[in-house]
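Protein chains: 4
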Amino acid sequence: MYNLLKGKKGIIFGALNNMSLAWKVAERAYEEGAEIVLTNTPISLRFGDIEELAKKCNTIVIPADATSIEDLENLIDKAMEYFGGKFDFILHSVAMSMNVRKGKSYDNLNYNYLNKTLDISAISFHKVLQVAKKKDAINDWGSVLALSYVAAQRTLYGYNDMADAKAMLESIARSFGYIYGREKKIRVNTISQSPTLTTAGSGVKGIDGLLDFTERMSPLGNATADEFADFCITLFSDLTRKVTMQNLFHDGGFSSMGMSLRAMTMYNQALDNPKEPDGFDI
Amino acid sequence: MYNLLKGKKGIIFGALNNMSLAWKVAERAYEEGAEIVLTNTPISLRFGDIEELAKKCNTIVIPADATSIEDLENLIDKAMEYFGGKFDFILHSVAMSMNVRKGKSYDNLNYNYLNKTLDISAISFHKVLQVAKKKDAINDWGSVLALSYVAAQRTLYGYNDMADAKAMLESIARSFGYIYGREKKIRVNTISQSPTLTTAGSGVKGIDGLLDFTERMSPLGNATADEFADFCITLFSDLTRKVTMQNLFHDGGFSSMGMSLRAMTMYNQALDNPKEPDGFDI
Amino acid sequence: MYNLLKGKKGIIFGALNNMSLAWKVAERAYEEGAEIVLTNTPISLRFGDIEELAKKCNTIVIPADATSIEDLENLIDKAMEYFGGKFDFILHSVAMSMNVRKGKSYDNLNYNYLNKTLDISAISFHKVLQVAKKKDAINDWGSVLALSYVAAQRTLYGYNDMADAKAMLESIARSFGYIYGREKKIRVNTISQSPTLTTAGSGVKGIDGLLDFTERMSPLGNATADEFADFCITLFSDLTRKVTMQNLFHDGGFSSMGMSLRAMTMYNQALDNPKEPDGFDI
Amino acid sequence: MYNLLKGKKGIIFGALNNMSLAWKVAERAYEEGAEIVLTNTPISLRFGDIEELAKKCNTIVIPADATSIEDLENLIDKAMEYFGGKFDFILHSVAMSMNVRKGKSYDNLNYNYLNKTLDISAISFHKVLQVAKKKDAINDWGSVLALSYVAAQRTLYGYNDMADAKAMLESIARSFGYIYGREKKIRVNTISQSPTLTTAGSGVKGIDGLLDFTERMSPLGNATADEFADFCITLFSDLTRKVTMQNLFHDGGFSSMGMSLRAMTMYNQALDNPKEPDGFDI
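Protein chains in written order, with the numbering used here: chain A, 1150 to 1431; chain B, 1150 to 1431; chain C, 1150 to 1431; chain D, 1150 to 1431.
No lab work stands behind these hints: they were computed from the structure.
Nothing here was measured: the structure is a model prediction, and the numbers come from that model.
One or more of the hints may lead you astray.
Stated by the list, open to error - The calculated lysine-lysine pairs, modelled on DSS-like cross-linking and capped at a C-alpha distance of 27 Å, are: (1) A:1253 - A:1235; (2) A:1253 - D:1265; (3) B:1235 - B:1253; (4) A:1424 - D:1282; (5) A:1334 - D:1265; (6) D:1283 - A:1265; (7) A:1205 - A:1235; (8) A:1155 - A:1333; (9) A:1265 - D:1251; (10) B:1251 - C:1282; (11) C:1251 - B:1253; (12) B:1284 - C:1282; (13) D:1265 - D:1251; (14) C:1334 - C:1284; (15) A:1227 - A:1283; (16) A:1155 - A:1253; (17) C:1265 - B:1283; (18) B:1283 - C:1251; (19) C:1265 - C:1282; (20) C:1227 - C:1204; (21) A:1253 - D:1284.
Work the whole structure out from these sequences, hints included.
What follows is the structure, given as structure tokens:
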């Protein structure tokens, strides 16, 4: 609508279906004049609707497992071929925890699963950056974003080892942001988004209550996927060139709230009739 | 019980009655071998029980309005006379908001009241430090503490202009901590304490619900006044000499929580029957 | 260039001359299609070049002392008259410390000056917000920004009581952001900008060395006034609607750096020939 | 000297020689009346002087690779046998990066090395906690500490993938602190210590310049290993029971400094003769 990304090119990881945050970002980036390339794991390609998105955005899908250097090298090569040269931005929206999926509580972690959580949800971001830098694939003043969550700072029951992965992800953004900034003027940031009902998010236990709570705690309400996409556009644009190594909260104010009147009004209803959890299985 | 403060001397601001945080600190400091001097405003002396505390701690009370340089100079002079020289620690537990007391909401502040809030709750801390430094009243490696609250970082409805005062208080601890550290090796910190049912705290609207919420959010529960006193002792002792310019959370973990299972279990009871606040008067 | 602010209207505080951050924001906002109103204190109007800016931006200047409720009421009334109704954004770029100007060190503050520092640099922001809200002057989903600095989190010698004012300013953004968000969907944020050589900034002692240090510490270098303006545009636009109660670092990465190789290379030159300050007068 | 840990028992990981932070903690804990058990990897036992420490502290050494569940189970079993039951505290001071050792820069990481860095420096902490909890090995109100560094928040060139490991370590302290707190009243914290010249620390490139810089930036100077030990004692004691899920800076104020006069005085010497790094190999 504004041509904010006119002439820019970028790779978007993690679009599965039209509930995905990455899906909305792809649509908005295309609207704003960017050329994009989509990527996801082979298995996600099979179960999701990404080809539909590719059509909408007049582009291609290049399958890649973001934990595989080989796949990432192929992705970057193919994308550069498609774009006819370097590109300008990347969105990393990739996360998965087998411990969460399999209902392993945080004091009963399976360490193979934990390694997978870290590899998929954090280290893959480093791999993307390292491969891109080695191939000198991103133009000066490019912008790289990854999706984070407030669990990196504050513990939410049930979010499990994903909290540790997000903390590491944000650290990678700082660590690589320093290197990529000093040498190529490329900025690296994370966005800490409100909980959003995506296919991935819907697996988190007790998500309904949490969404109600964060909605009432946040003075502007939870941020939607569409709003997330809008915010990403500004961070890919040339108007935010000196923002780097930051974790940016996009959450309607939740991260700066201790207690809102709306949330407290809900909570107070239970005061006369206090109830304890049925054990601590998460 | 441990003689942690044997041979140390200090001034304690803000004890009113046996619910006061400062009261407990005075008792514990005395138990740990410290000599102390108590101080509070003339009006607090009249309404509180501080003489009882002075007897318990075998000491004197020197009245002082912490916003008055003259009073503070007199206090420091008298205290040094009483101690026979320099002293080692100060606790600043002084805060008041007329906007809260008079029910002025944050979007309808009385600016004279706001000035008073700042003067009493934040600037007084600077005055104490500046007067003490000018009089070279504190021994090398001394320790100065002030009482803060998580509202300095995260907004809690109804806490009002006190949030801004606490943010400023924590900044003063950093700013003066730099100066006092480099020149006299004196450390300056704030403790961010759980909400506690003191005479002051009980004026905050909706404090019961909030205390229940923070109790259930904090894995160790709210920190009590006795526990606060214990923590202060460690920070006055010689065992924490290199901790300075910090805001230390003493809150059972609340500050690092996003959502606990116990708090969510309470909250979820209201989900079937959502309720909105009756307007936004705070 | 993008029409990002087409149809939007806003008030810009604090433009003095073409080195001012606010000056650049005014120009950029106008370029992006906004209608603006300029304001500054009567004395600044006399010494600065704001009329030149008004011509460029095809608008008017309404004098106002941001510490005066009366002036602010008049400003808002006149601006609404000029705009023909409500407006959409405000930039607050107002700060001054007499303690800095008069060379009073932080352990020798003049408390009347401190009150002025707070009134001009922090409380004025609350007054602007309170007057605007009382007059229901800002459209839903409007955006209010104030200028901050990393001294709110980390002490820089010589920045003096302005650090405390900035800490309070950021707290006001959170506190009022909660209220304004829940009731009017208006967001309130601060931008923590690199040190910039403005007329105001050039008064800070040792600014040259500091600028060199922050330039070499920041992987992307210091953010310029032009870049600041670009960033403000994104935050006034509709693309950042769910960002509120945040302090956003716009500093080339400085805030997330502990030590860069470039800065350390400079520092290491002094290792063989260490030098101490000539006393601590700041 | 104060009997602060009288009757308490604990396990200390990571003492190598008398430069080790953990060594000092062991000595001080013993002095304060604690019974301790020492542990380190078999290879460290061979190269270090830990048997000397065991003699001093009148205790035993139980070899354990902290990344091995089997070793940790054996350690906890043997320690409980030695103690005759549960114990009260743990110090985790374990970290290693092969990427640092082998001079792999952060944009050229070996991912097998990274996995090792994480396993040794962060995941081992989770394993210690998980094994201890499963065996119900720690008394109620026990205290668990791990050693961190400011690189978890702010990038320091050359600290490499250890920064990401420390960020994850601090997250684990929060995540497990929630679980262990709610169920067993056990607190979990990290201490972010000044850079210290230990055998481990001396491997970090450019450590001399960095130590000089942090010494001059910190108003109280760098914290020593002895001071670290003192601080740990307070956190193992009963006086800090409600401090949990925190990262506590023990650094002479460094973490709250933006620029000190002493550091700037050094830096300014280079201004007339600016020098750039010889490339960016770290």
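Status of the hints after comparison with the structure:
With a CA separation close to 42 Å, the supplied pair residue 1253 of chain A and residue 1235 of chain A exceeds the 27 Å bound. For the given pair, residue 1253 of chain A sits about 23 Å from residue 1265 of chain D by alpha-carbon distance, which is consistent with the 27 Å threshold. Between residue 1235 of chain B and residue 1253 of chain B the alpha-carbon distance is near 42 Å, which puts this suggested pair outside the 27 Å criterion. Between residue 1424 of chain A and residue 1282 of chain D the alpha-carbon distance is near 26 Å, which keeps this suggested pair within the 27 Å criterion.
A hinted pair counts as satisfied when its Cα atoms are at most 27 Å apart, and residue 1334 of chain A with residue 1265 of chain D does not qualify at roughly 30 Å. A distance of roughly 23 Å separates the Cα atoms of residue 1283 of chain D and residue 1265 of chain A; the hinted pair therefore holds under the 27 Å criterion. Using a Cα cut-off of 27 Å, the hinted pair residue 1205 of chain A and residue 1235 of chain A holds, with the two alpha carbons roughly 23 Å apart. Taking the CA atoms of residue 1155 of chain A and residue 1333 of chain A, the gap is near 21 Å; set against the 27 Å cutoff, the hint holds.
A hinted pair counts as satisfied when its Cα atoms are at most 27 Å apart, and residue 1265 of chain A with residue 1251 of chain D qualifies at roughly 25 Å. With a C-alpha separation of about 20 Å, the suggested pair residue 1251 of chain B and residue 1282 of chain C falls inside the 27 Å cut-off, and the hint holds. Distance check on the hinted pair: residue 1251 of chain C and residue 1253 of chain B sit about 36 Å apart at the alpha-carbon level, beyond 27 Å; violated. A hinted pair counts as satisfied when its Cα atoms are at most 27 Å apart, and residue 1284 of chain B with residue 1282 of chain C does not qualify at roughly 46 Å.
Under the criterion of a C-alpha separation no larger than 27 Å, the hint pairing residue 1265 of chain D with residue 1251 of chain D is consistent with the structure, at around 13 Å. Between residue 1334 of chain C and residue 1284 of chain C the alpha-carbon distance is near 15 Å, which keeps this suggested pair within the 27 Å criterion. A hinted pair counts as satisfied when its Cα atoms are at most 27 Å apart, and residue 1227 of chain A with residue 1283 of chain A qualifies at roughly 15 Å. Taking the CA atoms of residue 1155 of chain A and residue 1253 of chain A, the gap is about 46 Å. The hint is violated against a cut of 27 Å.
As the CA atoms of residue 1265 of chain C and residue 1283 of chain B are separated by approximately 23 Å, the hinted pair is consistent with the 27 Å bound. Among the hinted pairs, residue 1283 of chain B with residue 1251 of chain C is consistent with the structure: their alpha-carbon atoms are about 19 Å apart, no more than 27 Å. Distance hint between residue 1265 of chain C and residue 1282 of chain C is fulfilled; the C-alpha atoms sit about 24 Å from each other, no more than 27 Å. For the given pair, residue 1227 of chain C sits about 18 Å from residue 1204 of chain C by alpha-carbon distance, which is consistent with the 27 Å threshold.
For the proposed pair residue 1253 of chain A and residue 1284 of chain D, the alpha carbon gap of about 18 Å is at most 27 Å, so the pair holds.
The structure is inconsistent with the numbered hints 1, 3, 5, 11, 12 and 16, although it conforms to all the rest.
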